[in-house]
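**Q** This is what each chain is made of:
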Amino acid sequence: MRSRNTILALALGVGLAATGAVAGTTAINGAGATFPYPIYSKWFSEYNKLHPDVQINYQSIGSGGGIRQVTNQTVFFGATDGPMSDEQLQQAPGKILHFPTVLGAVVPIYNLAGVDAELRFPAAVLADIFLGKITKWNDPALAKANPEVKLPDQEINVVHRSDGSGTSYIFCDFLGKVSKEWWAKVGVATAVNWPVGLGGKGNEGVAGLVKQTPGAIGYVELIYALQNKQAYGMVENKDGNYVRASVESVTAAAAAAAAAMPADFRVSITNAPGKDAYPISSFTWLLLYDSPGDKTKAKIMVEFMRWALGEGQKLAPELGYAPLPESVVKLDLEALKKIKL
Amino acid sequence: MATHSQRKGPSDLGFRLGTGIFALFVLALVAAIGLNLVWESRQALVKFGFRFWRTSTWDPVAGEFGALPFIWGTLYSSLLALLLATPISLGIAIFLAELCPRWLRPLLVFLTELLAAIPSVVYGLWAVFVLVPLVRALEAATPAALRNTALFHGPPVGVGMLSAGLILAIMVIPYTSSVAREILKAVPGSQREAAYGLGATRFEAIQRVVHYGRVGIVGAVMLGLGRALGETMAVTMVIGNNAQVSLSLYAPSHTMAAVIANEFAEAADDLHLNALIEIGLVLFLVTLVLNGLSRLLIWRMSRPPSRRVPATTTALAEVTR
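So the protein lines, in turn, are chains Y and P.
Under our numbering, the first residue of the first sequence carries the number 1, and numbering increases by one thereafter.
Under our numbering, the first residue of the second sequence carries the number 1, and numbering increases by one thereafter.
It is worth saying that the hints were derived from the structure and are not from the lab.
Among the clues, some could well be false.
Here are a few chain P residues that sit away from chain Y, every Cβ distance over 12 Å (derived from the structure) [as the list claims (entries may be wrong)]:
1) G9
2) R54
3) D59
4) V61
5) L111
6) V128
7) S190
8) T201
9) M233
10) M237
11) L288
If you anchor each label on the Cβ, the simulated ranges turn out as follows [unchecked claim]:
12) Y:P152 with P:V121: 31 to 37 Å
13) Y:P152 with P:N148: 44 to 50 Å
14) Y:T26 with P:R42: 39 to 45 Å
15) Y:E318 with P:F110: 47 to 53 Å
16) Y:E318 with P:W53: 50 to 56 Å
Quick reminder that beta carbons are idealized off the backbone N, C-alpha and C, glycines included.
Work the whole structure out from these sequences, hints included.
**A** Here it is, written out as structure tokens:
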């Protein structure tokens, strides 16, 4: 009888103590792109270690989902790989600001038995492959760019995203710039009417399909190619050089854009000029309202953004993301002041 | 049941009202789902009309949406699954009801019903890692003579209609076989004894039993069809997600449930969203129509022929209703 009362009292005490510990935490919810999910989840967990009273939750539901949820205000912040269009911005109840956070790259991955070398993909050839005009690996256009590689007489199995995605947006944005036919026939969006190919769900789906299907070619975010140890090729940039995606080549692509950065940061840096620039690079943005209702959360997010643009950038390279160039970080920090706290 | 004479007390009325309300609730829920689907897709309904059902272009950039490839993919994969699953399910049901040694029966019943409990995503993962490579090897080994026919045309990628049909068949088997087994168990022993009494072999007696329970077995098959029509995750992982209308078993395809699962989260554009919800409406209507047809079939099969009145057949039909 007495022991039962003691147990109950102890349980009550522990319960109260637990609620006391939780009560001080501010939880902020965000949702959006899958592209930056690895770096965002690293940032949020590191920030939580530094500030245990701040818990930022992020759901990687896709760029379109992020835009929709932040417009509907079901989440406090959104994240997207493709900037919001003017129509989308108009639909929001308030003014939404874009803040670039990191740079990422989309790489062409392939599965060719016996070919271990890095293939070179001329820009037009990449577009023609995804248009379905080039159907064999030993096509003359591809062979010319890779003289030292023996390309097999095998069908190219194209793999693309079956779901809408910012990764697709970046890839289509590049193809639209280098191929007039792509621009006219397919267009640029998170989900397009792919002329050929199999659809995989998510970066993981595409990586999995390419890994399993002989003669396959697909596109994924750089980090997925690195993690899956998937062979990826070099792409011809605007200056005609074949560049392999890396932290340096992606940052080089952004540095060129910094000079002409629009005030709202909505710029595409695919096919950027510069001899070392990787052509399929992109900013990824965090979306915040300029006058949010909850000032406490707004203050916390601004503080977090300052940390992410400073200390946080150092964590990016090990995950395969390129840190923002200094010039962009400066503009970003300035823009954070626009949020009315 | 309702023809018994009973003393009607106030609690009886309450009971009838209460259970009646629950029944009406189900009806109201289905109606609400249908109405909501129509309302949320009105933009696409107005823009496309019946063109939606017969055009093949699915282009979110141009704003052109046609559901034909998805309708085709759903019906083709479900039909394929039924064709593959029905004989196997029937075989399992007959074995478990008639031929299985008594000591083995509980184990096999348990294992068959365990298949129904495996989540769809797990089936999908297994299919991606085990089934698809097997199908790819099969496709690569197809002789050239068959390759040139419309049914087996296409590069051996592994993912496609055949893989989808196979995984759906595996998912449908536990449902169909379980219900069919119950039907066969419910066949009165007198039927079997009568058959043996007339000198039937084991096989002929089983034939009699199956014929007796044919209405319920059709119901079991229709239950499997219902599962196959709505299956999403396992199918989207193995069907290739390519919206095209093709007769070939090797060609990648797409289904209505898969396109909704894939594109809904990212569809920021209103028309795209409306089009996806309209696909949901189309799936809803297709399921309703197919279920209605199967009910009609069962009703026709269970109607007593004019010569004799097998009251037990109608009772069996009532059991499966």
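**Q** Decide, hint by hint, whether the structure agrees.
**A** A quick look at each hint next to the structure:
no.: 1; hint: G9; in the structure: 47 Å, holds
no.: 2; hint: R54; in the structure: 17 Å, holds
no.: 3; hint: D59; in the structure: 4 Å, violated
no.: 4; hint: V61; in the structure: 3 Å, violated
no.: 5; hint: L111; in the structure: 29 Å, holds
no.: 6; hint: V128; in the structure: 7 Å, violated
no.: 7; hint: S190; in the structure: 54 Å, holds
no.: 8; hint: T201; in the structure: 49 Å, holds
no.: 9; hint: M233; in the structure: 9 Å, violated
no.: 10; hint: M237; in the structure: 7 Å, violated
no.: 11; hint: L288; in the structure: 27 Å, holds
no.: 12; hint: Y:P152 with P:V121: 31 to 37 Å; in the structure: 35 Å, holds
no.: 13; hint: Y:P152 with P:N148: 44 to 50 Å; in the structure: 23 Å, violated
no.: 14; hint: Y:T26 with P:R42: 39 to 45 Å; in the structure: 40 Å, holds
no.: 15; hint: Y:E318 with P:F110: 47 to 53 Å; in the structure: 49 Å, holds
no.: 16; hint: Y:E318 with P:W53: 50 to 56 Å; in the structure: 51 Å, holds
In this structure, the earlier hints numbered 3, 4, 6, 9, 10, 13 are contradicted, and the remaining ones agree with it.
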